[in-house]
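Can you build the whole structure from these sequences, using the hints too?
Last residue of the sequence shown: 340 (numbering that gives the first Met the number 0), numbering continuous.
Please note: incorrect hints may appear among the correct ones.
Restraint ranges, calculated between C-beta atoms of paired labels, are given here [unchecked claim]: (1) R229 to F107: 18 to 26 Å; (2) R294 to H315: 16 to 24 Å; (3) E133 to R24: 31 to 39 Å; (4) P309 to E133: 48 to 56 Å; (5) F107 to F203: 20 to 28 Å; (6) E105 to R330: 42 to 50 Å; (7) C339 to E133: 21 to 29 Å; (8) R294 to S80: 42 to 50 Å; (9) R330 to D112: 33 to 41 Å; (10) D102 to A208: 41 to 49 Å; (11) C320 to R260: 47 to 55 Å.
Because the hints were derived from the structure by calculation, they are not lab data. All residues carry an ideal CB built from backbone N, CA and C; glycine is no exception.
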Amino acid sequence: MVNYVLAGAARTQAAAMIQELEVARPGAVERLAQGALAELRTWPELTVLEVDENLTEQGCSVAGAYDFGPPPHLSVATSVSRARRDFTALHELGHHLQKNIVDLMEPFGRESDGGLLLEDAACDAFAAEILLPELLVRQYLDTKGPTASTVTQLWQASNASRMAVCVRAVQHLPTLGHILLLDATGHLAFAASHGLPPLRRGSFQGDIAVIDRALTGSGRAQGLTQVRYRDGILGRELHTDTAPMDGYLVAVLVTDSAPWRAFTPPTRDTGPQSRDYICANCDEEYRSFDPACQRCRIPPCPDCGRCSCPPRVPEHLCPGCFTMHPPAMFRAGSDRCLNCD
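Right, here's the structure in full:
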């Protein structure tokens, strides 16, 4: 779950990443802000590939991917705008920095999932911090927090992508919520979340209240609605404000303290509830919103990927992490699992 603690940790991690980058490559932050892809193509230790969007990782928050290698390379979808490609390139650069600089790996040890959520959230924060300096952000997102209109205005005043603006805006939410970017068909192009479970890129949200009204009307709508999580599960009711953003729809959703209303009572939490578990296989404690296994009634552990059912296929011991894994966790010819290889 992305919560207040994780959001703060992501921004702290992003600041550390920028500091490490400036030490290693003085002036790189400014050059990346002017053109991330152009700058990264000059780095001999990193290969930049432009690929079809279908070849990027759908589970990632952006249309791109990072491969540790060797040699390390990042991929960026060619089918998106230049601003979005720059944001994606910076996001994937964030993965590169966090996987190669020892000091940046240290915070992951304090996370129950090994730092997977923190790493991805920090990549978004890192990209947004570079593209949207705080002085500019404060001109549009005041102390009350963002509305859909002010998010759009910030995007129009900058050279940053819509995604970068959503990430910066969600950092200014006064309470739990989401900032969503939806395409004209109602599919989720990008989501930045604060204190609520993250939404999957590509999920369909176009038929839910307020969003449906905005898409079929002028693009501007307000009211209460619920967003859709995996398996069609609807979350809690959220106060929602939408605005058009040049072919897209931006939506700001909060549990209370909506900046566009004088008074906003908290909504009832009718959404999915997480529970705490201890993995029967690797003894890790974890919290999960995932559906429970129909056999053992336990959702899979994010560390080892297993529920409490006995393994159906032979497992192998990885000499790197000393954990039993199924064959799918090993590359052909390697005795180390994908996490250690």
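Hints versus structure:
1. Checked against the hint of 18 to 26 Å, the pair R229 and F107 passes, with Cβ atoms roughly 24 Å apart.
2. A beta carbon spacing of about 23 Å between R294 and H315 agrees with the range 16 to 24 Å that was offered as a hint.
3. Judged by the Cβ atoms, the range 31 to 39 Å given for E133 and R24 is violated: they are separated by roughly 22 Å.
4. One distance hint, 48 to 56 Å for the beta-carbon pair P309 and E133, holds here, with the actual separation near 53 Å.
5. Between F107 and F203 the C-beta distance comes to about 33 Å, which lies outside the given range of 20 to 28 Å.
6. The hint said 42 to 50 Å for the Cβ distance between E105 and R330, and at roughly 27 Å that hint is violated.
7. At roughly 39 Å, the beta-carbon separation of C339 and E133 lies outside the given 21 to 29 Å, and the hint is violated.
8. The hinted range of 42 to 50 Å is satisfied by R294 and S80, whose Cβ atoms lie roughly 46 Å apart.
9. Checked against the hint of 33 to 41 Å, the C-beta distance between R330 and D112 comes to roughly 22 Å, which is inconsistent with it.
10. Separated by about 46 Å at the C-beta atoms, D102 and A208 satisfy the suggested range of 41 to 49 Å.
11. Restraint check, C320 to R260: a C-beta distance of roughly 50 Å satisfies the suggested window 47 to 55 Å.
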